[in-house]
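Line by line, the protein sequences are chains V and G. Going by my numbering, the first sequence opens with residue 1, and the numbers climb by one from there. Going by my numbering, the second sequence opens with residue 1, and the numbers climb by one from there.
Hints listed in this document are in silico derivations from the structure and should not be mistaken for laboratory results. Note that the structure is a prediction, hence the values are computed from the model and not measured. Note that CB positions come from ideal geometry on N, CA and C, so glycine has one too. A few of these clues could be false.
[Said to hold, decoys possible] Away from chain G, derived, C-beta distances all over 10 Å, residues of chain V: (1) Q5; (2) K14; (3) D36; (4) D55; (5) A56; (6) D60; (7) T61; (8) D68; (9) K99; (10) Q104; (11) D111; (12) I181; (13) G182; (14) D203; (15) E204.
[Said to hold, decoys possible] Listed next, the in silico BS3-like pairs over lysine-lysine satisfying Cα-Cα at most 30 Å (straight line): (16) V/K122 - G/K180; (17) V/K177 - V/K157; (18) G/K92 - V/K67; (19) V/K53 - G/K169; (20) V/K48 - G/K17; (21) V/K67 - G/K130; (22) V/K48 - G/K3; (23) G/K130 - V/K122; (24) V/K99 - V/K14; (25) V/K177 - G/K242; (26) G/K92 - V/K122; (27) G/K92 - V/K177; (28) V/K53 - G/K17; (29) V/K48 - V/K108; (30) G/K2 - V/K48; (31) G/K92 - G/K169; (32) V/K14 - V/K164; (33) V/K118 - V/K97.
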Amino acid sequence: MDVFQVEHAHTWLKLANERIQANKEQLTELDQAIGDGDHGINMARGFKEVISKLDANDYDTVADVMKDTAMTLMSKVGGASGPLYGTAFLKLSMAFKGKNVDYQTFIKGIDEAVNGLKQRGKAEIGEKTLVDVWAAVSETLQDNTTFAGDTILQTAKTAMEHTKETMATKGRAAYFKERSIGHLDPGAVSSYYLFEALSLTIDEGA
Amino acid sequence: MKKIVNNPEQVVTDMFKGFVSAHANTMKQLSETTVVTRKEAPITGKVGLVSGGGSGHEPAHAGYVGKGMLDAAVFGEVFTSPTPDQVFEAIKAVDSGAGVLLIIKNYTGDVMNFEMAQEMAEAEGIQVDKVVVNDDVAVEDSSFTTGRRGIAGTIFVHKIAGAIAEQGKSLAEVKAAAEKTIDYVRSIGMAIAPCTVPAAGNPSFTLAEDEMEIGIGIHGEPGIERKKLANANEIATELVEKILADMDFTDSDVAVMINGLGSTPEMELYIVNGRVQEILQEKGITVYRTFVGEFMTSLEMAGCSVSLLKLDNQLKALLDAPSEAPAFRN
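All chains, please: the whole structure from these sequences, using the hints.
Below is the structure:
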């Protein structure tokens with residue numbers, strides 16, 4: 001893959017939705033341990049709506065796919081995940097606007113998404129949130145020169161697993177302090193599924 | 001799980017329909033939203049008050065919509081903040097040109113969604129300000145965490161801000177009174193049994209028969225400390241002492257709220273209140289008014305929270321002002 005096309009974007013979100021739906025209970029259980037137990041339910045509702053929206057429209061640009069995804073997540077997910085995932089996709093849309101999404105544009109978009117997530121969530125790396133996964137992927141992408149699915153997958157997986165050992169200092173889990181250690185962060189896990197879907201999209205070439 | 005629902009994923013939609021028809025005399029639904037407003041909104045010259053949050057806290061938040069309290073409430077999914085577009089609709093519907101105050105509880109999701117709605121409204125030229133309620137002393141307030149949660153003390157903020165807004169005061173004055181209330185209110189909760197979010201289908205945490213959890217939030221999240229179940233007097237003592245350790249109420253007049261979390265009978269709430277009143281008397285704290293009942297629940301969680309609000313003359317008058325909200329008649 002040299003250029004990320006509309007069909008890639010659509011496949012990415014379709015695969016992401018499949019993973020979110022299949023792991024809805026797991027995400028909710030993780031959130032029950034250190035949050036309020038609605039992450040799987042909310043993400044499943046939001047991504048289902050995203051797919052209905054994308055399937056019902058024809059898109060000319062990746063930016064438009066990202067924008068509709070962002071708006072749908074923002075208005076259907078709620079909680080903290082809605083604004084956060086909404087912001088991430090909105091930043092991707094803004095970075096891709098009017099551009100051919102080649103590798104450089106793509107990594108610029110992910111970088112902007114990370115900045116958006118940090119700003120919206122007032123979070124930094126290492127606070128046991130989805131930022132940990134997004135920032136790790138962004139860094140790996142910067143170190144590469146072409147779309148490489150397996151690298152993205154491994155990076156996201158390692159970063160997601162690392163949230164198990166860390167203590168939460170942001171989000172609902174922060175109230176658990178030491179008790180948050182030993183539990184994966186639900187947002188990091190849902191972000192992992194998103195990047196797993198991206199890596200498959202890249203490897204399969206849509 | 002045994003609940004009276006049709007479809008676990010439709011509970012909010014179904015509840016909303018029932019709520020709107022139950023309160024059709026005083027409230028209206030904004031079409032195609034999960035927002036209810038006072039029937040007469042927007043009210044000329046009056047600051048609009050908007051609150052909301054996840055469902056499952058009934059009678060919060062929509063039960064506090066009415067003359068003397070909120071102008072609009074926004075329903076979210078169960079224990080999930082409403083989305084920015086919904087909050088934005090509420091803001092537009094209650095703004096009469098005098099501005100709108102958002103009353104937000106301090107949870108990451110609520111703050112983010114309401115702030116985004118505020119940004120949307122400001123972009124359209126509506127004057128919007130916000131206050132964030134953080135009355136829960138169970139949670140340490142440190143720069144490394146999200147800060148304290150907002151729990152039942154929020155009802156006092158709705159009441160005080162609602163009363164002053166009703167007098168036609170400016171957005172800055174309404175905000176100042178709301179902030180004073182937030183500064184003066186402290187709460188803490190405890191549970192003896194968890195709740196079950198309908199769509200999740202299993203309890204949010206487990207407690208053994210002889211265990212209780214101190215410092216729980218209102219979303220089924222576990223508390224800060226799990227210990228052996230104590231009797232009502234011991235529980236009341238522990239909760240009040242945690243509040244008094246956080247803020248000095250000596251020689252103050254206070255309002256007391258004993259709030260049930262969903263499945264604790266009034267009998268038990270009154271037992272707790274009996275001991276709370278004794279302790280306050282022993283400490284030289286004068287109780288001006290007491291509220292016992294369900295104000296901010298957590299589905300069918302068994303347990304209660306205690307809130308204390310320090311009162312000066314302004315707050316006393318505002319607390320005593322009339323309210324026609326269905327869940328807070330005054």
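Structure-based check of each hint:
1. Q5: The claim holds: V/Q5 sits with its nearest Cβ about 30 Å from chain G, beyond 10 Å.
2. K14: At about 21 Å from chain G, V/K14 clears the 10 Å cut-off, so the statement holds.
3. D36: violated, 4 Å
4. D55: Holds, since 20 Å exceeds 10 Å.
5. A56: The claim holds: V/A56 sits with its nearest Cβ about 18 Å from chain G, beyond 10 Å.
6. D60: Holds: least Cβ distance 25 Å, greater than 10 Å.
7. T61: Holds, since 23 Å exceeds 10 Å.
8. D68: Check passes; 14 Å lies beyond 10 Å.
9. K99: Since the minimum Cβ distance to chain G is about 25 Å, V/K99 lies beyond 10 Å and the statement holds.
10. Q104: About 30 Å separates V/Q104 from the closest Cβ of chain G, which puts it past 10 Å; holds.
11. D111: Answer for V/D111: holds, closest chain G Cβ roughly 21 Å.
12. I181: V/I181 is indeed farther than 10 Å from all Cβ atoms of chain G, at 15 Å.
13. G182: holds, 14 Å
14. D203: holds, 34 Å
15. E204: holds, 32 Å
16. V/K122 - G/K180: holds, 26 Å
17. V/K177 - V/K157: holds, 23 Å
18. G/K92 - V/K67: OK: G/K92 and V/K67 at ~24 Å, within 30 Å.
19. V/K53 - G/K169: The hint is violated at about 44 Å.
20. V/K48 - G/K17: Measuring from Cα to Cα gives roughly 24 Å; hence the hint holds.
21. V/K67 - G/K130: holds, 28 Å
22. V/K48 - G/K3: Roughly 26 Å separates the two Cα atoms, so the pair holds.
23. G/K130 - V/K122: holds, 18 Å
24. V/K99 - V/K14: Judged against 30 Å, a Cα distance of about 23 Å means the pair holds.
25. V/K177 - G/K242: Holds, at about 19 Å.
26. G/K92 - V/K122: Measuring from Cα to Cα gives roughly 27 Å; hence the hint holds.
27. G/K92 - V/K177: Violated, at about 39 Å.
28. V/K53 - G/K17: Between V/K53 and G/K17 the Cα gap is close to 26 Å, so the pair holds against 30 Å.
29. V/K48 - V/K108: holds, 27 Å
30. G/K2 - V/K48: holds, 27 Å
31. G/K92 - G/K169: holds, 19 Å
32. V/K14 - V/K164: Holds, at roughly 27 Å.
33. V/K118 - V/K97: holds, 22 Å
Comparing the model with each earlier hint shows violations of hints 3, 19 and 27; every other hint is respected.
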